[in-house]
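*Asks:* Take a look at the letters that make up each chain.
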Amino acid sequence: MALHFELVTPARLVRSEDVYMVVVPGTEGEFGVLEGHAPVMSTIRDGAVQIYRTEGAAPESIEVRGGFAEVGANGLTVLAEHVEG
Amino acid sequence: MASLKELKGRINSVKSTQKITKAKQMVAAAKLRKAQAAAEAARPYATRLNAVMASLAGRVIGREGAPKLLAGTGKDQRHMLVVANSDKGLAGAFNSNIVRAALLKAKELRAEGKDVDFYLVGRKGRAPIRRAYPNNIAQMFDTTEVREPGYAEAERIVAELMEMFQAGKFDVAHLFYSTFKSALTQDPTRVQIIPVPAPEVADTSTAAVEYEPDEEEILAELLPRYLKTQVFGALLENQASEQGASMTAMDNATRNAGELIQKLTIQYNRSRQAAITTELIEIIAGAEAL
Chain A
699 MALHFELVTP
709 ARLVRSEDVY
719 MVVVPGTEGE
729 FGVLEGHAPV
739 MSTIRDGAVQ
749 IYRTEGAAPE
759 SIEVRGGFAE
769 VGANGLTVLA
779 EHVEG
Chain B
249 MASLKELKGR
259 INSVKSTQKI
269 TKAKQMVAAA
279 KLRKAQAAAE
289 AARPYATRLN
299 AVMASLAGRV
309 IGREGAPKLL
319 AGTGKDQRHM
329 LVVANSDKGL
339 AGAFNSNIVR
349 AALLKAKELR
359 AEGKDVDFYL
369 VGRKGRAPIR
379 RAYPNNIAQM
389 FDTTEVREPG
399 YAEAERIVAE
409 LMEMFQAGKF
419 DVAHLFYSTF
429 KSALTQDPTR
439 VQIIPVPAPE
449 VADTSTAAVE
459 YEPDEEEILA
469 ELLPRYLKTQ
479 VFGALLENQA
489 SEQGASMTAM
499 DNATRNAGEL
509 IQKLTIQYNR
519 SRQAAITTEL
529 IEIIAGAEAL
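Respectively, the protein sequence lines represent chains A and B. If you're matching positions, the first sequence starts at 699 in the numbering used here and goes up one per residue. If you're matching positions, the second sequence starts at 249 in the numbering used here and goes up one per residue.
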């Protein structure tokens with residue numbers, strides 16, 4: 699009952715965990731991804747990826763620069779060139 | 249026959265050389281572990297990007313207006329050889345193997361009547377390639393200031409290459425580096441990076457994917473990134489290979505120095521004994537003469 703979320707940079711795998719929801723800063727607007735989201739591939743603009751671990755919890759923000767988000771059968775994968783923090 | 253003093257001096261000098269090679273060997277072993285870990289850490293990104301590339305490129309390829317980076321310029325005349333070397337020596341045949349592979353390819357291309365240019369990364373490839381093709385060095389990328397070439401360097405290399413590609417300075421680019429197999433074997437490798445070789449079309453059954461913005465735009469963003477990842481991967485492989493080659497070469501050197509020290513010590517002891525014997529004979533002969 700959770701969304702599998704992976705945040706990957708060229709240097710390392712930053713996150714790989716099950717979360718409730720992730721808000722991704724797409725180039726054409728932010729979008730939230732919950733479990734069972736339809737397959738989407740989007741470029742992302744520089745901004746914060748917000749991770750909600752559980753429903754209603756305060757989000758955790760990770761600044762990313764340059765990359766992609768892909769939602770597929772096995773969850774959400776964000777490929778970012780740079781990650782801050 | 250060398251004098252005792254000379255021999256002693258040689259033994260000492262070989263001993264200090266051995267110390268250096270031994271130290272370098274241990275440093276290389278430690279760095280190798282680090283380089284391998286870095287290569288390991290870079291793998292998830294590369295595999296995911298490859299998967300995305302494959303699924304996207306399969307759709308766009310063959311269509312009108314496919315990006316130049318993917319489709320090529322339509323010509324095959326000017327080739328750019330990107331040769332990634334290290335900045336430091338003491339790594340056995342590591343650098344010369346890469347250079348040899350590049351020069352071989354250059355010769356082959358020349359024989360086919362193509363133009364060849366070089367883009368050199370790292371210091372060690374400069375001299376031999378400049379000797380062979382003094383007028384064909386397009387660019388030399390300097391990595392001496394950074395400790396370990398990383399993603400930032402890969403980004404800059406790709407940016408420079410893209411600029412040259414867009415300016416129409418070359419049609420095809422090949423990347424030369426050394427693949428790390430083990431500490432004992434590193435294979436000089438060549439891959440074509442521009443135009444981006446079409447990845448094998450995985451399955452086109454994932455038809456329901458929504459693209460935002462559209463496929464072409466995503467692909468246009470993705471291609472440079474894909475290139476960077478490739479160059480970055482090559483740099484990492486190169487680093488691991490360099491340390492591996494260095495470790496093996498230094499291990500050999502240390503062993504050779506040990507053997508040499510042994511030989512010299514035997515020689516030293518022999519001549520010392522000979523000197524003692526002569527001295528004794530002289531004394532005895534002197535005493536007998538009295």
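Certain hints may be false.
List time: in silico SDA-like cross-link candidates among lysine to any residue, alpha-carbon distance up to 20 Å [said to hold, decoys possible]: (1) B:Lys282 - A:Val712; (2) B:Lys279 - A:Ala709; (3) B:Lys272 - B:Glu530.
Just so you know, these hints were derived from the structure itself, not from any lab.
*Asks:* Determine for every hint whether it applies to the structure shown.
*Replies:* Do the hints match the structure? See the list:
Using a Cα cut-off of 20 Å, the hinted pair Lys282 (chain B) and Val712 (chain A) holds, with the two alpha carbons roughly 18 Å apart. This hinted pair checks out: Lys279 (chain B) and Ala709 (chain A) have alpha carbons roughly 17 Å apart, not beyond 20 Å. A hinted pair counts as satisfied when its Cα atoms are at most 20 Å apart, and Lys272 (chain B) with Glu530 (chain B) does not qualify at roughly 49 Å.
Taken one by one, the earlier hints fail for this structure only at number 3.
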